[in-house]
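Asker: As a plain string of letters, each chain reads:
Protein chains: 2
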Amino acid sequence: MYAIAIHGGAGALPKGGLSPERQREYRQSLSQALTAGQALLERAGNALDAVEAAVTALEDDPLFNAGRGAVLCEDGSVELDAAIMSGSDLRAGAVAGIRYIRNPIRLARRVMEKSPHVFLTGAGAEAFADVNGFERVPNEYFITPLRSQQLQALLRPASTSGPAAVAALDEPPLGTVGAVARDSHGRLAAATSTGGMTGKLRGRIGDSPVIGAGTYADDRSCAVSTTGHGEWFLRTVQAYDIAARLNYGGYLLADAVNDAIAHRLTRLGATGGLIAVNRDGEIVMRYNTPAMFRACVRRGEPATIEIE
Amino acid sequence: MYAIAIHGGAGALPKGGLSPERQREYRQSLSQALTAGQALLERAGNALDAVEAAVTALEDDPLFNAGRGAVLCEDGSVELDAAIMSGSDLRAGAVAGIRYIRNPIRLARRVMEKSPHVFLTGAGAEAFADVNGFERVPNEYFITPLRSQQLQALLRPASTSGPAAVAALDEPPLGTVGAVARDSHGRLAAATSTGGMTGKLRGRIGDSPVIGAGTYADDRSCAVSTTGHGEWFLRTVQAYDIAARLNYGGYLLADAVNDAIAHRLTRLGATGGLIAVNRDGEIVMRYNTPAMFRACVRRGEPATIEIE
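Residue numbers (this note's numbering), protein chains in the order written: chain A, 116 to 423; chain B, 116 to 423.
It is worth saying that the hints were derived from the structure and are not from the lab. Worth double-checking, as some hints may not be accurate.
Any copy will do: because identical chains look the same in the list, a pair fits if it lies in one copy or spans two.
[Unchecked claim] Cut-off 25 Å, straight-line C-alpha distance, at most; resulting in silico cross-link-like pairs (SDA-like, lysine to any residue):
#, residue 1, residue 2
1, 130, 415
2, 229, 192
3, 130, 160
4, 130, 248
5, 130, 250
6, 130, 423
Computed from a predicted structure; not experimentally measured.
This is chain A alone, in the form it adopts within the complex (with noise of 0.2 Å):
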């Protein structure tokens, strides 16, 4: 039994929601990760080869904030933050403030298995890339239309200075991606990718690549991966929040997220969702936004994508 899911992020939707074509456009992309995850896993393949290879999907399409298509920085570059992790050995790999590395999950992978190291920020998670190998890219690479539009529409009630960006943050952007799975050896993954929040200070860290807080995988409990409103999700430790009330507290898992998501994030005025599976390959998938992009499938069984 395999069981794998994917986010491309929680939020809210433009107004008037997506057009039918918009639409299609994320389902075929969502139904594209997925199926690059499964596929290693119908193979018999390793949970973090699945969780890799569906956010490397999402990643290069810049559908989502990840890679290319994140959301720009206040001075309009582009920083990208990745982290994965392994639940049969609790080994992990994290990199933040990524300019010129393609697809920042697969650097977050090689920090874990080719570094002594967990986390790996800026200049010095480059240089750890160059020398094992990885290309550079242009920051240039990452920028699209679109979100240089979105840059702009944010920073334009007020002068260039950084009110009207501090202002806007509170609205989680769509986008950030993520993907949790169990193979059919039990063996439990989560990795995280993400831009951002458009109008960031440059060097602004999120919860996507804080192990704990945006992504977390033990097999004794669950994998987990995070999308929202970053600074609320590293205060509450949410990642690790969900496996510890499965360890500590014997929830199940869906009641676990249930009261994490709908009772306290909400309480406290956050705003988001997360993916997980368990050790039994469960998979729940929870938000308190308008909407939050996702797909799943486990073997045997047709493939959910839905938006809303």
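For chain A, the structure is supplied; the task is to place chain B on it using the hints.
Answerer: The following block gives chain B in isolation, referenced to the frame of chain A:
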């Protein structure tokens, strides 16, 4: 009833142990930092101010691996990380890769109070510091002859490349600093500050500035600051793990810390320690290394200062 505990790092002592003079220096320094925090609590001050004051004192003291006297990166420069958290409202601030700000813990607190973010790194964090009136100091301010010698010793066996530094990373340095406090109003706070590991890659982030890993506080459960092999504390989300054991598992603080340090971390091959205080003002300090510099005091009780 107030309570405060501080640590100056867990790890191995030099061969033959510390000289009596050196022991006196460390004890005196720990005593001064403890008193800096206690003085505020004695005047019914808040836990947040107390942990900030204690950690600031330790950052300013070149004996410890934080602020002035921090260990050096492989390129011979200093990069500092710090985090602070308020247990009353789960606010948190963290900085990493700081090169020019004298007291990273103060900058972390400013991030918590004056930015919409939790976690800022590198040049972005220092740009925020500039705007918020922090003075810059040259990177050389932090560098002491002892730390230069330690880096030279680490790099000597190999050429200037990384393998020696990498191998030596298994040996945790003594010296990360931290504080936890409960004030007379029942508010909890935690703070941690570090220079990381001798010979680290620039851009490497350990557990200290990561909310949930090295630093966590929640009035409902406990405040925790950790020290040791940061990569392991990141992977086990150690600080939040203690809080979750209390919250969801009904553990007593001493049992939670004992299980986490003496059993789980030791079994995983990880080395380090932590200090914690719960909402009743109970203090627990545990480590599985040869030594942990530590001190604590509770209202109306004598202070204890210990090295081994």
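Asker: Taking the hints in turn, state whether each one holds.
Answerer: So, going through the hints one by one against the coordinates:
1. 130 - 415: neither (38 Å within a copy, 61 Å between copies)
2. 229 - 192: Answer is between; shortest inter-copy Cα gap is 24 Å, intra-copy 28 Å.
3. 130 - 160: Answer is neither: 41 Å inside a copy and 48 Å across each miss the 25 Å cutoff.
4. 130 - 248: The answer is neither: 44 Å in one copy and 40 Å across copies each exceed 25 Å.
5. 130 - 250: Answer is neither: 39 Å inside a copy and 45 Å across each miss the 25 Å cutoff.
6. 130 - 423: Cα proximity of residue 130 and residue 423: one copy only (14 Å, versus 63 Å across).
Against the hints set out earlier in the document, violations occur for numbers 1, 3, 4 and 5.
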